[in-house]
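A.B. asks: Protein sequence lines, in the order shown, are assigned to chains A and B. For what it's worth, the working numbering labels the leading residue of the first sequence as 1, then goes sequentially. For what it's worth, the working numbering labels the leading residue of the second sequence as 1, then goes sequentially.
Keep in mind that the hints were calculated from the coordinates and are not lab data. Incorrect hints may have been included.
Claimed, not checked - Heads up, simulated BS3-like pairs for lysine-lysine below, C-alpha to C-alpha not over 30 Å straight-line:
hint, chain 1, residue 1, chain 2, residue 2
1, B, Lys596, B, Lys656
2, A, Lys27, B, Lys641
3, A, Lys207, B, Lys634
4, B, Lys70, B, Lys214
5, B, Lys14, A, Lys128
6, A, Lys17, B, Lys14
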Amino acid sequence: MDEYIINANDLTRYFGKRCVISSLNLKIPRGCVFALLGRNGAGKTTLIRMMLGFLEPTRGSSAVFGCDSMDLTPEIRSRIGYLAEGHNVYGWMKIAECESFQSSFFPSWNHAIFKKVISHFDLDPSSKVRELSRGERAGLCIALTMAQDPELLVLDDPALGLDPVARRSLLESMVYLTQKGEKTILFSSHLLSDVERVADRISIIDKGILRTECTLDTFRRNISRIVLHFSGPPPDIGSIPGLLHSFTTENRITLALFGYDENTEHTLKKLGAEKTEKVPLSLEEAFISYLREGEQKSFFSENSGDIS
Amino acid sequence: MKALIYKEIKENLKFWGGILGFGILLVVFYTIENNYRSICNRDFLAWTTMGSIIAGLVIGFLTVKETFFKQWEFFLHRPATRTSLFMGKIYGGLILYFTVTGIPFLLAAAWSAIPGNIAAPFVWRMILPGTADILMGTSFYFAAVLAGMTIARWYWSRLTGIALASVCAAAVNAVPEFWQALLAVIVADAVLFAAAWGSFITRGTYKRQPWISKTALSICIIASLVIVQCIAVGIIFELAKDNNRYRSSETVWENYRITRKGKIVKIKRKSGHIISITDMNGIPLSIEDPSGSSNKNSQFIDYRYISSRFWSPSYREYSRYIGTFGLYGSNEHYYFYLKHKGYIAGYSKETGHRSFTAGPEGFFFNGKNPDTQFEGPILNQPLLDFGILTYSNGVYTIDFQHKEIKKILGQAEGDGPLLHFLKVDANNSFNYIGVSANKIYVLSKDRNLLFSAPLKHSIKEASIGVGMIPPEKYFIRYSPNFYSNKKEIQDCIIEVDSEGKTIGRYMLPPLNINNKIYEQKKISSLFGIVFPPGSVLALKAGAEIIRASVTDPYTVYHFSLLDKAIPLLFYIVSVISGLVCAGINYMLSGVYALDKKGRMLWSVWGFLMGITGILLFLVLYGRLIRFACAFCSKKRVPNRKQCEHCGKEFPQPEPKGIEIFE
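Let the hints inform the model, and build the full structure from the sequences given.
C.D. replies: Okay, here's the thing in structure tokens:
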């Protein structure tokens, strides 16, 4: 059995002159929950669409279960559950019709799972899809995807439109599915608290370029926040190794640092701070710090003159 | 597959109901508003044509509407091949299409077939034109599917399939036989189906399509480009045409005429006026012809020519199935000739039912049909209005008022079957002329035989005209058929008496006919720019095929003249234009980084198809994006791993120093 379920090699995609995914290499191991992170427009959905053969790469290739993404066979597709961004299902169908339509294609359709999920979302099988709220529609899509009982579940922003309770249920079901280690989940999300709960590994795409692919712990370990307290106005920080971004207030400098080590510590000491404090980071905070690399100020502090 | 077909049908149910309802309304409108109509009527066929096109387009777009509503990926991601998903959609779409178009049409046909609804006979073959229209609509269905799936470089390039479907619609309307219409539909459908299928399975991208759908898509694009090209050429031709040439005051026309005294003279005309009248030896004669040949005071008699062209109504014409006696319809009845039965029938305008029938032996009433029928195919389809029925074995006249049928001419002993019988108006005196392969028969307006004489040439070889000075002088003129290839026929006039005996033979020297319609003009050589060598070869081959297969001498003649009209310079310009386009395609394919084989093929294509070849390349390969190579600085395409100039690979994205890979 192949160790990796998805294997992308030099995957590149242009839309016009804009490079949306640039020479991306990625391997997703079997049995893990893999989170795809990035800002809006980073290329997460484009990457998923290319991996599932809906979009032709400009250059490079990817394979799922060892099969080229552009030539996925029906057998391979039956092993992949895909929840597309936006939860687009046929509005004219009733929920029961949706199930009947989908189940006729998927040989390992699990009606019990479908029933369980839609009852969890309190959905009436006789309701028309177009009459459902955004969250309810998301619930239906999750039910339709889960009931396929796939080996690989690809969820493109599945929590979009879900309330906290439903989100929690989604997370629980993801954990449940991967308990035996047979299923693999690839999902993209902006809700990092959710990612933190379920993901084994994360990858971060920044403007089409893969910058990170590691476990959650490794990521967190590599990003640090240091607060330097001064008795008077803080000095110019100059060049600090691994500085992602800094934020200066009256007597204090907050630094986000990548790969905090002895060398960095030594450089910081030279600044003459009264007190140096290392603040623990959540994934969300680490992620934000990571992607704000190079920024010296926040959006509002930069534009505060305009706002006032 | 069943689930998919069911989904397609149910999904479009309201559109289905709407179109079906509209179709049925049309049928109701047709049945209520029009009494004397048939489903083979041109007005009704205009509805079936337009209805089929609209239904095909609407249902075609509905078939692939997922692409517009972001449901495409939800639809595609299921364990089925894209071909089977495509077929499921197509089956569903076609079921829908044939239901919405077929049901109203069959209702109309059934209504027409029920006696009493329409005061006209019904023949089931009359449904062929409407059926052809409905089948033709499937081309528009596939064209709409293709348009929905194509990723367009330019907006019109989405519509390329519709151009081919339009060609199919034009063919269905123009061809004489139903099987030819069917063939046109099959060919267009096969091409459009393959193109739509290829676009569906690759979501509109060209590169990954199978060769068969690539070819089909190219045919669609070429069809649309050729249509645009033809329109452009037509406009240029209209602008460049020298219309004055046809009205030139310098043009002199000559002809031979016969005076009322039986003398043959040569007349020269210029701008419609006689400028000289001479005898056969060129000696001027002082004959005043005050008001033209058609005037009864004219000094000359008219020839009445017998056409050598035989028209057969197309499968879309009512007269193909039923002959009508339009002028002979009375206040109470319409009269028809039932070709398939071989007799005549009269229908009451009031009740719509059949009132009588008539055969060679007379009229029959009270639902009785004639014991004997008219034999063989009718020869004089357009002349039924004169109450004459011509068959190879005889000619009949029908008097509907007095309910009389009379045989006025039979096949003479030793003569072959009749080929022609027509009513002519010669010097304000009606006569009838009949022609067999060997003889000519001339009847008076009372339908009595004036004379018959053996023919020197058949009407297929020569133009035959008859001039009359009753009761004793008759002239038969044989001239070389303008359209015939038999050039050895010499212009002559044979004078015969009422017994058909030759009493004079006059050989006529060739006339100086000013015939410069197909004159070579050097300026027309410029058309070589838009007619590349491939088009010229195709046109030449097409002309040769037509020349070889068409028996109609008129068509053959015009195709032979076309050759003479094209100057040598045209071919030279065409080849130069082809070479320039080949060069452009070679350069373009290099810019798009095609391999050597691809570049050569596109160059050949550019040479053969000219501007069309260049446009096809641009449409198929889409907008080009290039970037400066980091190594050689030359512009390179992004879809190749190695630079086409220096062979270096694209560099990996520059690291920021904060990457984490584990």
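A.B. asks: Could you grab the alpha-carbon distance between Lys207 of chain A and Lys634 of chain B and see if it respects the 30 Å cut-off?
C.D. replies: Roughly 25 Å between the alpha carbons, so the hint for Lys207 of chain A and Lys634 of chain B holds.
A.B. asks: Verify the proposed pairing of Lys70 of chain B with Lys214 of chain B, using a straight-line Cα cut of 30 Å.
C.D. replies: This hinted pair holds, its Cα atoms lying about 26 Å apart.
A.B. asks: Taken at face value, is the distance from the CA of Lys128 of chain A to the CA of Lys14 of chain B at most 30 Å?
C.D. replies: Within the cut-off at roughly 16 Å; holds.
A.B. asks: Hey, Lys17 of chain A versus Lys14 of chain B, does the alpha-carbon distance stay inside 30 Å?
C.D. replies: violated, 42 Å
A.B. asks: Are Lys596 of chain B and Lys656 of chain B close enough, with their CA atoms no more than 30 Å apart?
C.D. replies: With Cα atoms ~40 Å apart, Lys596 of chain B and Lys656 of chain B exceed 30 Å; violated.
A.B. asks: Against the 30 Å threshold, does the CA-CA distance of Lys27 of chain A and Lys641 of chain B hold or violate the hint?
C.D. replies: holds, 20 Å
Violated hints for the displayed structure, listed by number in ascending order: 1, 6.
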